[in-house]
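Asks: What the sequence shown shows, in my numbering, is residues 1 to 583, in sequence order.
What the hints contain is simulated information worked out from the structure, not anything from laboratory work.
Keeping only pairs whose Cα atoms sit at most 25 Å apart, straight-line, the calculated DSS-like set for lysine-lysine is:
id	residue 1	residue 2
1	101	429
2	397	101
3	15	429
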Amino acid sequence: MTDAEWHARVECAGKVIGAGFLVAPGTVLTCAHVALDRGPLTVAFPQRPGSLAVPARVVAHGDWAGGPADPGDLAVLELAQEVTIAPAALAPAATAHGDRKLVAYGFPAGWDEGTLAEYRTTGPVLVGGEWIQLEAWSGHGQPLAAGFSGAAVTLVETGEVVGMVTAAADARDVRTGRMMPTDVMRRHWPGLEGLVPAAGSSVLAARRRLRALVERAIRVGLDCDPVRLYNDAVAGDIAPPPPPEGFDSLWSAAWFVQSELDDPAAVTRFADRLATLLGPRPTPRRTTPAWAPILIELGHSGAGEDLVRVEVSAYSGGRRHPVGSDTVPHTRLRSYVQDRIDAAFRHVPPDADELIAFALPRDWLDWPVDSWESDPDDDTPLGLALPVVVTDHARRKARTRHALTRAWNRLDTGPRARVHRVACGCPGKPGELRLALLESEPCLAGFAAAPGTDRTREHFRTSLVAPAPVIVWSRRGCGTEAACADVCPGTAFLDSLDAHVSRVRPADLPRSVLALRREAAAEDGHWAQDIQLLWDDPRCFTDPHEEGAHLRSPVAGAPAHIPPHLGVVRPGLPASAPWFPVA
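Throw the hints in and build the complete structure from the sequences for me.
Replies: Following this line, the structure appears as structure tokens:
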């Protein structure tokens, strides 16, 4: 959902009445029950802050009869003027089935800026030949509610639209809903005929390639006349000339080629010509250091509060090398870890970059493990001798590792690290943070307050679940609001962090934080004192855990300590529960 400015908020007389999404520079789709029989409509694009709402009118609909179970609940809105926003990419609903996360962006009461609901399909069967049933991805997220009608249902991995929210179950604590899939939307409005390719077709791949090329051209500021590009690549004896008014953007030209030309080869020719203008993509320099991590997994033993389950492994040469595992009392924990780290260095190549990674339960992520002594004979803090990071043991599930790997692959080709700030006094809503982390380029989440404070506890959990590849905070961050009435140490920390990481690639952050810790040790009052770095790159751990945990791991041995809200709940819909529109 990167740069998804096409999400729309439909309004009437200044009141939010539903959601929608841009499918062409001047066309928005929403539900018929949102738009029909209303006063003057306007459409706003909340993902483009500062833009004005655009007047709109209904120009087509799907012959909806007015009931929540009636087919054809689709309305086509024509904007008074086209917008320079990349339209949504549509995909067949067949690509949405299986265990694939879907996201809807709606505007329930109190969320004028929008919020996300995470769902999945229950299967490919069309209910009543019209809808696909949705069920909540988990039992604790945002449910479908009034304000989600007309929202695009998108694939998290690609950002492509596979359907539109039309209804939710009218039963308390039942998190199910319905979407009209893109294939059915095309049946109700022929204008989508050229925009929804068949699943697995070469057309879908060609359109994805064209979209990526247009995004790249805009990102690098390619000086390109879209009319000339169209004429050079497509126009001729068969293809029509460009419209008399021309194209006001590269996106407009690309949309015209995909939707107005009944020639799949035209998309390929247009993309090939654009690729020629862009030239070969520079081969990204490998920015990921050759980390050889030593992983120390700590967890609740399940045998008493004084006992800790420990497992130590070394990673090198594409293999995991188990070093030792045991259950030890807190009084022996540091000495045991020191001994096993020393043993793990037998597996670290001399030319590799050492990295000490502590995988901890969420309630231990604030532990000052970097301040533990390096060796029984050396009281130098571990975090001053070596790069030390923490990771969240709960993020070792295969799905989360997959998402993190994709994020790191993008981070490797991008510029320096970028901080998404979570302030102490005004952290915003957790849903806003989730939206920012999902829809923006992967970034570093920086916290002004420690994760255990009431004000940011849910925001911290949101960053972990999103998942943010990197999270940074100070263990001495803001506590109570009164403590930072005059001078906020958390804000000062974020300001300094922002300035520092803007010069550092995300892959180099462990080494950079090592340097900061050494500076802080030599300078009283240094902003990086007690800095905590959660840095989670699955590519460093090339022999991942089976099903997210070793058979002897702390997690496997202590199920009672895993927070119950981490489990996935798949609620069923009672047969008698009615459906209702969610506008």
